[in-house]
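All residue numbers for the sequence shown refer to my numbering, where the first residue is 1241 and numbers rise by one.
Note that these hints are calculated values from the structure, not bench results. Heads up, a few of these hints could be off.
As the list claims (entries may be wrong) - When the alpha-carbon atoms are kept at most 20 Å apart in a straight line, the in silico SDA-like pairs for lysine to any residue are as follows:
no.	residue 1	residue 2
1	K1243	T1253
2	K1243	A1255
3	K1243	A1261
It should be emphasised that the depicted structure is a prediction, and the values quoted were computed from it without experimental measurement.
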Amino acid sequence: MAKVIRRIFAAITVALLAFRAVGSFLSWVEHQEETATDAWVDEDEYEDA
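The whole structure should be built from the sequences, with the hints applied where relevant.
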């Protein structure tokens, strides 16, 4: 019985860690999308002017 409880506890722990990791990754991706527009410069725009 103790082995079953430990496995359930381990599965819950892994699920929580995975949820936090996905949340952190999505937050990072969202931050990258916001800063990427500021980082890219269209060189042709300056050549035409």
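Hints and how they fare:
1. With a CA separation close to 15 Å, the supplied pair K1243 and T1253 stays within the 20 Å bound.
2. A distance of roughly 18 Å separates the Cα atoms of K1243 and A1255; the hinted pair therefore holds under the 20 Å criterion.
3. Of the pairs offered as hints, the one joining K1243 and A1261 is violated, with about 27 Å between alpha carbons and a cut-off of 20 Å exceeded.
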